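Protein chains: 4
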Amino acid sequence: MNNSLKVFEELESNVRSYCRSFPTKFTKAKGHKLWDVNQKEYLDFFSGAGALNYGHNDPNMKEKLIEYITDDGITHSLDMASTTKEKFLTTFNETILKPRNLDYKVMFPGPTGTNTVESALKLARKVTGRTEVVSFTNGFHGMTIGSLSVTGNAMKRKGAGIPLQNAVTMPFDNYMDHEFDTIDYLEHYLNDSGSGVEIPAAVILETVQGEGGLNTARFEWLKKLENLCERWGIFLIIDDVQAGVGRTGTFFSFEPAQIKPDIVCMSKSLSGYGLPFAITLIKPEHDKWLPGEHNGTFRGNNMAFVTATEALNYWKDPSFEKNVQENAKKITHFLNGMISKYPDMKGLRKGRGIMQGISVSKEGFSEKVAALAFEKGLIMETAGANDEVFKLFPPINIDEKALEEGFEIIEAAVQEVVEEKELVTS
Amino acid sequence: MNNSLKVFEELESNVRSYCRSFPTKFTKAKGHKLWDVNQKEYLDFFSGAGALNYGHNDPNMKEKLIEYITDDGITHSLDMASTTKEKFLTTFNETILKPRNLDYKVMFPGPTGTNTVESALKLARKVTGRTEVVSFTNGFHGMTIGSLSVTGNAMKRKGAGIPLQNAVTMPFDNYMDHEFDTIDYLEHYLNDSGSGVEIPAAVILETVQGEGGLNTARFEWLKKLENLCERWGIFLIIDDVQAGVGRTGTFFSFEPAQIKPDIVCMSKSLSGYGLPFAITLIKPEHDKWLPGEHNGTFRGNNMAFVTATEALNYWKDPSFEKNVQENAKKITHFLNGMISKYPDMKGLRKGRGIMQGISVSKEGFSEKVAALAFEKGLIMETAGANDEVFKLFPPINIDEKALEEGFEIIEAAVQEVVEEKELVTS
Amino acid sequence: MNNSLKVFEELESNVRSYCRSFPTKFTKAKGHKLWDVNQKEYLDFFSGAGALNYGHNDPNMKEKLIEYITDDGITHSLDMASTTKEKFLTTFNETILKPRNLDYKVMFPGPTGTNTVESALKLARKVTGRTEVVSFTNGFHGMTIGSLSVTGNAMKRKGAGIPLQNAVTMPFDNYMDHEFDTIDYLEHYLNDSGSGVEIPAAVILETVQGEGGLNTARFEWLKKLENLCERWGIFLIIDDVQAGVGRTGTFFSFEPAQIKPDIVCMSKSLSGYGLPFAITLIKPEHDKWLPGEHNGTFRGNNMAFVTATEALNYWKDPSFEKNVQENAKKITHFLNGMISKYPDMKGLRKGRGIMQGISVSKEGFSEKVAALAFEKGLIMETAGANDEVFKLFPPINIDEKALEEGFEIIEAAVQEVVEEKELVTS
Amino acid sequence: MNNSLKVFEELESNVRSYCRSFPTKFTKAKGHKLWDVNQKEYLDFFSGAGALNYGHNDPNMKEKLIEYITDDGITHSLDMASTTKEKFLTTFNETILKPRNLDYKVMFPGPTGTNTVESALKLARKVTGRTEVVSFTNGFHGMTIGSLSVTGNAMKRKGAGIPLQNAVTMPFDNYMDHEFDTIDYLEHYLNDSGSGVEIPAAVILETVQGEGGLNTARFEWLKKLENLCERWGIFLIIDDVQAGVGRTGTFFSFEPAQIKPDIVCMSKSLSGYGLPFAITLIKPEHDKWLPGEHNGTFRGNNMAFVTATEALNYWKDPSFEKNVQENAKKITHFLNGMISKYPDMKGLRKGRGIMQGISVSKEGFSEKVAALAFEKGLIMETAGANDEVFKLFPPINIDEKALEEGFEIIEAAVQEVVEEKELVTS
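Residue numbers (my numbering), protein chains in the order written: chain A, 1 to 426; chain B, 1 to 426; chain C, 1 to 426; chain D, 1 to 426.
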């Protein structure tokens with residue numbers, strides 16, 4: 001069958017991007033597999049940039065979804081009350097929040113990551129009466145002006161066409177070196193009334209920076225940041241859009257740090273099935289919104305309520321989470337092995353959980369690895385300001401066999417790039 | 001069955017809004033009908049604020065959607081190429097653009113109205129190298145910071161918590177009175193290098209202001225604005241998120257004005273089925289995006305591609321559009337009749353197409369009408385800065401019988417409010 | 001003697017401007033006269049752009065100044081208390097404020113017009129807690145970022161290199177035509193919570209726009225604006241930097257409108273002798289500054305206190321003001337005569353008091369008149385966004401003979417331009 | 001004679017500040033001495049916050065000034081050419097620039113420090129086409145919105161009433177500790193395209209932070225910063241308003257660092273006599289101003305040209321500079337001695353040249369020292385975000401005897417505070 005991308009070249013905007021890295025036309029998908037129009041099969045180590053943590057078209061969710069559509073369940077309800085929304089709220093509270101001893105109000109800010117981030121920034125500013133927000137180097141929070149102002153990437157910032165305001169970038173954990181304590185540095189600025197940095201409304205961060213290069217905040221760093229925020233009355237916003245929903249081995253990425261953010265932003269894998277969906281979790285005492293003060297047409301996507309509710313069922317069985325963590329260990333083991341086995345690439349393991357990769361400073365290396373992997377039937381993304389990280393993002397519940405298959409392809413790709421010698425410094 | 005909203009009160013944020021005006025729990029929907037948990041039936045003259053122009057759960061789209069899901073068609077594809085996306089692109093081009101002699105590149109900016117607006121503003125600024133954008137009084141473009149900066153509503157602007165920048169509000173058509181030509185006024189500012197208003201990157205507007213009170217731009221005003229934009233090298237951006245997809249009687253709301261905007265923003269009813277979906281149409285010469293310069297996780301919502309493609313089929317048959325226009329005439333006739341019959345309400349007909357309503361300046365009148373209509377089984381919204389307009393937004397393809405039923409309920413509600421005399425000035 | 005401008009061309013920045021229009025080197029000045037290095041005498045109808053309302057080197061002030069310097073009076077005192085400052089404060093209060101039934105606290109914000117404007121904007125924002133300021137088309141308030149944001153001139157705004165924020169430009173009196181009531185228009189925006197214009201902290205304006213083309217606000221317009229400001233709790237800031245100190249015939253330009261602004265900005269002719277000096281007058285109830293919250297090195301220019309105090313003595317004698325008004329009448333008469341006599345120039349009289357000129361729409365006409373006048377020994381400036389106004393700005397206390405001499409030169413220049421026919425439309 | 005401050009309390013704004021620390025009325029001044037209305041004599045270790053480096057009312061300048069005024073030299077000339085301005089330009093070039101091998105165009109931006117800073121920021125943005133400016137912690141550059149945005153002090157920033165934009169605060173030299181290289185840190189941000197900090201138009205800094213606590217940049221740090229700026233095409237702006245004109249021992253404070261800033265801001269002591277005056281020095285290749293693109297009424301303050309020209313004569317004799325440096329050594333010696341002798345105050349010597357002081361972290365200590373010194377007849381200021389530094393700012397050419405007298409008073413004040421024990425930690 002015709003695999004030409006001519007229609008896209010002619011009719012779609014130049015802004016299209018992934019279709020350039022993965023130049024084929026996809027048709028079907030199931031679990032960790034994708035098929036293109038020529039029935040070529042691909043292993044998916046990309047997972048919709050973290051939006052498909054349960055793999056494609058999960059059978060349980062699929063069943064519920066078809067049933068719901070067949071029965072003419074209400075599809076689009078804005079923020080009117082619906083039975084599916086009620087069920088999602090109850091299940092989320094019972095299955096996720098209560099067992100983790102968390103108490104949050106749920107806001108439906110519109111169905112995308114940038115919607116939840118924008119709502120979080122607005123609420124923090126409104127409640128504190130302050131205007132500035134501290135973000136961190138290499139953070140990524142979205143493409144609308146509010147979210148973009150707290151995003152580090154220079155190319156994407158430039159796309160705004162206006163100066164981005166009301167944000168201050170501070171160094172993420174380990175930004176300079178291990179000696180330099182970036183929380184102390186931030187607090188130094190706050191303590192110094194001559195520093196030029198005002199007490200912010202909020203700090204916003206990812207615990208593992210998905211787009212920014214899999215930079216990982218240590219748990220003690222997060223705990224220290226929470227402590228700082230509490231003392232200064234600053235909102236701690238965790239953007240768990242990419243790192244959440246099990247990607248790091250726990251439902252929320254921040255659980256092992258034992259922190260309780262003031263606001264949590266969730267989207268991507270929340271619906272479980274790849275449907276647009278986002279929520280903003282707000283500590284009850286901060287829920288000072290006026291009715292309708294923030295809204296959005298697709299904040300009542302009931303199909304997403306249905307699949308999201310079904311997805312939460314996985315979390316009722318503790319073995320699910322344990323299995324994810326086992327997968328994480330295998331990935332860690334594999335990546336450590338690669339770094340030892342191919343010392344010429346001078347690789348550095350980045351990330352944690354099912355959100356890991358290898359950083360290679362030689363320009364072009366990681367992109368070449370991803371390109372070769374694609375040829376060999378595996379889809380994988382790069383990350384980092386210079387695309388220096390190749391990033392393993394399989395479904396979190398991938399089975400062992402598929403994981404091993406993926407490892408083999410990746411190793412073959414790495415080996416090939418290393419052997420070509422062009423992209424390794426001798 | 002339990003119709004309590006307790007779960008929402010306890011677990012959902014205070015920002016929830018429509019569940020306060022329509023205090024029941026909905027479960028099913030079909031065409032112009034909604035049912036709540038107690039099987040109470042409602043006529044839908046609201047249509048998801050314009051996101052359900054074809055009614056709920058259209059059978060043709062439903063069939064295609066179930067088929068697609070059953071076959072494990074790819075659900076979430078970011079901006080990778082997929083066969084469903086290709087089909088959407090081709091169909092959109094063949095069915096909509098070409099017959100209207102329009103030539104646009106299609107951008108998938110993320111699946112909501114505010115995503116397409118933000119992408120339009122960014123592109124206009126990037127291409128022109130200018131920073132300011134002219135918006136119009138009572139325009140509504142979205143809740144993220146970029147879109148909010150061009151939105152008029154004071155309460156929603158205040159929710160930003162920061163001053164909104166890089167936007168200049170100009171008077172919409174007929175803002176002061178019929179004598180005052182607001183395009184001449186705008187051009188006076190541009191011509192006067194001492195006016196303090198810089199040549200903007202773009203003007204952005206709705207041809208009929210859906211949230212702002214159904215204010216309607218005359219076709220000659222739109223044509224004059226397009227002419228001004230051409231002479232000054234200013235991007236003309238039509239936000240057709242609410243007024244598009246047939247709501248005013250033609251696919252694009254601006255067709256009768258015979259203008260060709262530089263950028264068109266579409267969302268809401270585009271997917272046909274109420275699924276999150278948005279596109280940004282860009283004149284080919286303006287498509288200066290770098291790959292990935294704007295992105296978003298849910299820009300490849302394939303279920304929406306499927307239903308949107310199916311929805312476009314309706315437009316192949318000219319009788320579809322004609323029927324919509326017939327419905328519009330009936331609504332106009334009904335509203336004119338109401339205004340004559342109830343002179344005490346001092347009503348003013350607003351809007352055009354299936355996007356009409358009556359403005360009553362007495363505070364509370366229109367809200368009371370909507371509340372009574374809900375009790376009588378009809379869902380209807382108010383619009384305008386002071387909720388002064390009650391707004392008839394049935395599906396555009398509603399059948400005559402249902403339309404008449406709706407008219408009866410609305411008239412009964414109006415009659416009741418008028419007879420109570422509290423909300424009419426004697 | 002050498003009249004070369006080589007030193008300036010070599011050593012001074014390209015930003016220099018008036019030395020291009022008046023290409024000679026000045027050495028001495030007295031009253032309404034200037035002399036250049038070749039002893040050529042010039043009639044001064046420019047008065048330092050309004051900074052020399054009493055003419056150059058007034059003998060009374062000169063005497064006091066020399067005495068003060070000779071006695072080693074303190075020159076520079078920041079905002080420490082000094083006896084000269086005390087005397088200025090007392091005299092200003094007794095001679096100017098009390099007789100006009102005005103009650104203001106005096107702030108010394110730094111010695112220039114832009115200092116006083118910036119202090120006014122800061123205070124209005126601080127006290128009201130609002131961020132936006134309404135300015136008017138063709139207003140001119142200064143070159144620092146705060147003042148520039150409320151200044152209309154496009155070339156000067158562009159010099160900022162950043163988008164100018166937190167300001168909204170509204171139409172000045174008679175901006176479109178006499179039918180269009182621009183106060184009603186402004187209030188329409190404020191009343192309409194969907195207008196996109198927030199309730200501002202302040203409006204700032206000149207009663208006669210010195211740089212913007214001598215556009216004049218009618219007294220009833222000013223009164224109506226004051227009334228609007230009172231009802232909305234908006235600060236009324238009159239920038240009387242150029243129009244104040246007698247330039248329009250009364251000490252404050254706003255006296256005949258019988259308004260009491262919340263804040264008045266004064267500078268230019270306040271010191272009387274051309275020395276840098278500025279004050280900000282603040283209604284006592286608005287004086288919410290913290291000590292040192294605004295400061296500046298030269299806010300205690302004692303030489304200016306000395307000459308300013310002496311200058312105020314003129315105002316003790318009512319005949320001084322009357323004489324100024326007589327001069328104003330002569331100028332009006334002269335300009336009206338010119339317009340009648342030279343109908344081809346299609347002149348329009350602008351301004352009021354000793355702040356008048358003729359606007360000629362033909363590009364280049366007014367500049368040519370000013371250039372010829374200079375050749376003939378008279379210094380005169382143009383104003384307006386396109387330099388379309390030639391502007392008569394003699395000392396306000398100029399004697400009749402000198403005034404007549406000036407008129408003759410100006411007429412000669414006009415006649416010459418008209419006769420050349422190049423710059424008049426036939 | 002009456003020394004009451006009642007007039008100031010009644011008529012002057014609450015913003016007045018120094019008259020609260022030095023509560024008396026001054027009348028006369030000469031060299032390093034001030035007298036109040038009761039003929040009480042004060043030693044001036046404050047020098048108008050650095051505006052009186054040559055002491056009060058220098059006899060040479062006084063003579064020239066009286067002569068100029070007596071002869072009716074032109075006082076106020078905007079930016080028309082005048083003989084005095086020509087002489088200033090020539091003398092400045094011959095006496096200051098050429099001997100230091102510096103090549104700058106001179107801009108007259110208005111007569112105050114904040115005028116020159118604003119002009120520098122505007123030009124840097126205009127020429128580079130970038131919007132952001134890097135400033136440093138505890139920098140102080142002025143009170144108008146542009147300058148305030150690059151100023152660190154939180155109280156003063158808050159006075160703006162709006163968020164301050166287009167500036168990024170970076171750590172000054174030694175901000176954290178001696179190990180932390182703040183230039184490397186800055187460059188790390190620039191190198192990292194994901195850092196969120198855009199390549200700025202300029203960096204702006206004082207080599208010694210006059211208001212910010214006498215923090216001193218090491219010469220190698222300045223050199224490294226210049227090198228960074230060159231490599232990245234960033235304007236290096238030195239704000240020498242307070243540290244310039246000999247205050248640190250050389251005419252420009254940056255001479256010993258052997259750097260050549262792109263722009264230098266000068267004011268305060270430039271006129272020599274305490275008259276308002278400022279210039280902006282611009283490397284010729286950056287002088288891209290349009291005529292009149294920045295202006296100001298008092299940019300032609302000819303009295304200041306006269307005294308400034310005379311003041312420059314001091315710099316023709318190398319012994320002048322040497323003597324200043326001798327004074328600096330004496331101050332260093334005195335301060336070191338104080339720190340040793342009074343270990344309980346845990347003092348830290350700050351600053352360099354005639355711009356030194358002692359930082360005492362115990363809150364209130366330094367303010368108490370200054371207050372006692374005033375009682376004992378010496379005027380001295382505190383600096384730093386918490387007023388933690390008492391600051392010795394005598395005239396740079398003060399004679400030895402007066403310097404010793406000042407030392408004695410200061411020591412007496414310190415001793416008294418130390419002995420009271422309240423403000424020293426035991």
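A hint or two may mislead.
Said to hold, decoys possible - Covered stretches of chain A, going by a simulated chain B footprint (3 or more residues, C-beta under 8 Å):
#1 73 to 79
#2 145 to 152
#3 168 to 179
#4 296 to 306
#5 404 to 418
As the list claims (entries may be wrong) - Derived CB-CB ranges, DEER-like:
#6 PRO59(A) with LYS376(B): 43 to 51 Å
#7 GLU285(C) with LYS362(B): 31 to 39 Å
#8 LYS98(C) with LYS362(B): 47 to 55 Å
#9 MET155(D) with PRO256(B): 37 to 45 Å
#10 PRO291(C) with TRP232(D): 39 to 47 Å
#11 PRO59(A) with PRO99(B): 38 to 46 Å
#12 PRO59(A) with MET155(B): 42 to 50 Å
#13 GLU230(D) with GLU400(A): 43 to 51 Å
#14 ASP177(D) with LYS98(C): 53 to 61 Å
#15 ASP399(B) with GLU400(A): 36 to 44 Å
What the hints assert, rightly or not - Straight-line alpha carbon distances no greater than 30 Å define the calculated DSS-like cross-link-like pairs of lysine-lysine that follow:
#16 LYS6(D) with LYS87(C)
#17 LYS40(D) with LYS87(C)
#18 LYS283(D) with LYS158(C)
#19 LYS6(A) with LYS283(B)
#20 LYS87(D) with LYS316(C)
#21 LYS288(B) with LYS158(A)
#22 LYS6(A) with LYS33(B)
#23 LYS98(D) with LYS158(B)
#24 LYS33(A) with LYS62(B)
#25 LYS62(A) with LYS62(B)
#26 LYS158(B) with LYS260(A)
#27 LYS33(B) with LYS62(A)
#28 LYS40(A) with LYS316(B)
#29 LYS87(A) with LYS62(B)
#30 LYS33(D) with LYS6(C)
#31 LYS87(D) with LYS33(C)
#32 LYS28(A) with LYS316(B)
#33 LYS87(A) with LYS30(B)
By construction, these hints were calculated from the structure, which means they are not laboratory data. Note that the coordinates shown come from a computational prediction; the quantities given were computed from them, not determined experimentally. Backbone N, C-alpha and C fix where the C-beta goes; we use that ideal spot for every residue, glycine too.
Take the C-alpha atoms of LYS158(B) and LYS260(A), compute the straight-line distance between them, and say whether it is at most 30 Å. holds, 28 Å
Range hint 42 to 50 Å (beta carbons of PRO59(A) and MET155(B)) holds or violated: Distance hint for PRO59(A), MET155(B) holds at roughly 45 Å.
Quick check: do three or more residues in the segment 73 to 79 of chain A have a beta carbon closer than 8 Å to a beta carbon of chain B? holds (count 7)
Does the beta carbon distance between PRO291(C) and TRP232(D) stay inside 39 to 47 Å, or does it fall outside? holds, 41 Å
43 to 51 Å was suggested as the range; check whether the CB atoms of PRO59(A) and LYS376(B) agree with it. holds, 44 Å
Given the proposed pairing of LYS87(A) with LYS30(B), does the C-alpha separation stay at or below 30 Å? holds, 21 Å
Between LYS98(C) and LYS362(B), does the C-beta distance stay in 47 to 55 Å? Given range 47 to 55 Å: holds, Cβ gap about 50 Å.
Is 31 to 39 Å respected by the C-beta to C-beta distance linking GLU285(C) and LYS362(B)? holds, 38 Å
Taking the CB of PRO59(A) and the CB of PRO99(B), does the distance hold inside 38 to 46 Å? holds, 42 Å
For LYS33(D) and LYS6(C), compute the direct alpha-carbon distance and say whether it is at most 30 Å. violated, 42 Å
Between LYS62(A) and LYS62(B), is the straight-line Cα distance small enough, at 30 Å or below? holds, 15 Å
Starting from LYS6(A), check that the Cα of LYS283(B) is at most 30 Å away, please. Measuring from Cα to Cα gives roughly 18 Å; hence the hint holds.
In terms of the numbered hints stated before, the structure departs from hints 3, 5, 9, 13, 15, 20, 22, 23, 28 and 30, listed from lowest to highest.
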